[in-house]
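If you read the protein sequences in the order shown, they are chains A and B. For what it's worth, my numbering labels the leading residue of the first sequence as 1, then goes sequentially. For what it's worth, my numbering labels the leading residue of the second sequence as 230, then goes sequentially.
Quick caveat, the hints were computed from the structure, so don't treat them as lab data. Note that CB positions come from ideal geometry on N, CA and C, so glycine has one too. Among the hints, a few may not be true.
Claimed, not checked - Pairwise CB distance ranges, derived in the manner of DEER restraints:
id: 1; chain 1: A; residue 1: Q31; chain 2: B; residue 2: E384; range: 34 to 44 Å
id: 2; chain 1: A; residue 1: H50; chain 2: B; residue 2: F410; range: 45 to 55 Å
id: 3; chain 1: A; residue 1: S104; chain 2: B; residue 2: E384; range: 42 to 52 Å
id: 4; chain 1: B; residue 1: N373; chain 2: A; residue 2: T98; range: 18 to 28 Å
id: 5; chain 1: B; residue 1: S257; chain 2: A; residue 2: I160; range: 20 to 30 Å
id: 6; chain 1: B; residue 1: G406; chain 2: A; residue 2: V212; range: 33 to 43 Å
id: 7; chain 1: A; residue 1: S38; chain 2: B; residue 2: F410; range: 34 to 44 Å
id: 8; chain 1: A; residue 1: G185; chain 2: B; residue 2: S257; range: 33 to 43 Å
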Amino acid sequence: MSIDQSTAANKPVSQVMPRSENPPKHLQGNQLGLCLCSVCKKLNVTRNSHCRRCFSPLSTRNYASVQQSWALLVTATILLVLANIYPITLLTNRGVVTNDTIFSGISHLVQTGMFPIAIIVFTASILVPWLKIFGLATYLAAISFNLPISKRKLMVGFHIIEWIGRWSMLDLFVISLTVALVNMGQLLDAKPAPAATAFALVILLTQLAAKVLDTRLLWDRLEKKHDTN
Amino acid sequence: MHELDDHDSIILCRSCDLAVTKRALPSSARAICPRCDTVLYDSPYCSINGMLALCLAALIIFIPANLLPVLEIHFLGSVRTTTVIEAAIAVWAQGYWVVGLAVLVAAVIAPAVLILSILAQVIIVKLKLQRSFWQRTYTTLLKNQGLIAQMTMLEIYVISFLVSAFQLSDFSDVFFGMGTFSFTMLFVIILFLQREYNLEHMWSYVDEH
Chain A
1 MSIDQSTAAN KPVSQVMPRS ENPPKHLQGN QLGLCLCSVC KKLNVTRNSH
51 CRRCFSPLST RNYASVQQSW ALLVTATILL VLANIYPITL LTNRGVVTND
101 TIFSGISHLV QTGMFPIAII VFTASILVPW LKIFGLATYL AAISFNLPIS
151 KRKLMVGFHI IEWIGRWSML DLFVISLTVA LVNMGQLLDA KPAPAATAFA
201 LVILLTQLAA KVLDTRLLWD RLEKKHDTN
Chain B
230 MHELDDHDSI ILCRSCDLAV TKRALPSSAR AICPRCDTVL YDSPYCSING
280 MLALCLAALI IFIPANLLPV LEIHFLGSVR TTTVIEAAIA VWAQGYWVVG
330 LAVLVAAVIA PAVLILSILA QVIIVKLKLQ RSFWQRTYTT LLKNQGLIAQ
380 MTMLEIYVIS FLVSAFQLSD FSDVFFGMGT FSFTMLFVII LFLQREYNLE
430 HMWSYVDEH
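Construct all of the structure, not just a fragment, from the sequences and the given hints.
What follows is the structure, encoded as structure tokens:
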């Protein structure tokens, strides 16, 4: 996995084959009349209506994707607040019923001294969802309001969000295993509680918000201002 | 159509649409977009026979991984065991079908579909099935490959064994079984399968026809 050495091997086309007397610094696909198929990533001529490899309809940019992504993100934010307020599990221990929210579950882990597990659960259930929502909001705001944030940093952040977002599922897996194992009536019993559904929907909606977004829009907008960061 | 041939040395970044000239890569190197650091392409190393072997191994280990109990607790003399599927159904039975469905899809259905999909693709490529039915199946499988790969979350499930075991050890004795071992092996095999698999390389078989 030598990543660094290959970075230098690729140059923007404008440096290798200048097309005009005064070539722009970064030549984009839509300026060359080329686009990638949104399904199979094959290079196509923009003039064609369908991909020459997989016959899916072609489009250069999906301008509606910013709105769709905002809508999904706002819904996910509301649900995440609910997921944090309402209990996520209902534990009966020798007749005593306790409601555990995401946060109280973690503080219980800290009190019993299981720090590594507490850190894993904290990362997966609190840190990752909130970081994802703030990160995506920053990214979308940079597109919508033309904020002067380094595009390269935003893109790296976006890839991290895409990759790490799935780890929130950890909490749901743990709940399902616990619910299936701990079912001894009044003695010891675990049941899921409303926040579990909200949390599942948060994961689904934030993953969708990242997937739906056409990231090329960010690079178009700022390119017009000749800002090359 | 022929004007695109002039452009075959060009690749566009899927994240920022920058046009980049394509170069030959040394093995195990990845080309990265000079402007936004997105991975553009890998060196095409994608062994069909290796993937076939991994698919078959994954199919075999899939059965014990889903039929044998993955966790077992002993509490005041009573023993409780659960498999991955039972755990998902237990949540579903409590009325939380969204959670149950999410667990079932991420841990059972998506991995199964992933293995079968790659197996079908490998067989179509290996036996050079040219009939239009097979070619259409192949294209459809490739189109959905990214989605299925994203829904497969075995690595997270393996970590959740550990987390659950530590949480439950507070009340009771926790034991891992053969199911845990099988499930972890399934995760390892699928990890290697996905490393071997290269979507762009699989698409290139369509280009050849």
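Now for the hints, and whether the structure bears them out:
1. A hinted range of 34 to 44 Å for the beta carbons of Q31 (chain A) and E384 (chain B) is consistent with their spacing of about 40 Å.
2. Between H50 (chain A) and F410 (chain B) the beta carbon distance is about 48 Å. The supplied range of 45 to 55 Å therefore holds.
3. Hint check: S104 (chain A) to E384 (chain B), Cβ distance near 27 Å, so the stated range 42 to 52 Å is violated.
4. Against the hinted window of 18 to 28 Å, the Cβ-Cβ separation of N373 (chain B) and T98 (chain A) comes to about 43 Å, which falls outside the hint.
5. As the Cβ distance of S257 (chain B) to I160 (chain A) is approximately 23 Å, the hint placing it in 20 to 30 Å holds.
6. Between G406 (chain B) and V212 (chain A) the CB atoms are about 41 Å apart, so this pair conforms to the stated range of 33 to 43 Å.
7. A C-beta distance of roughly 41 Å is found between S38 (chain A) and F410 (chain B), which places it inside the suggested range of 34 to 44 Å.
8. Roughly 56 Å separates the CB atoms of G185 (chain A) and S257 (chain B), a value that falls outside the hinted 33 to 43 Å.
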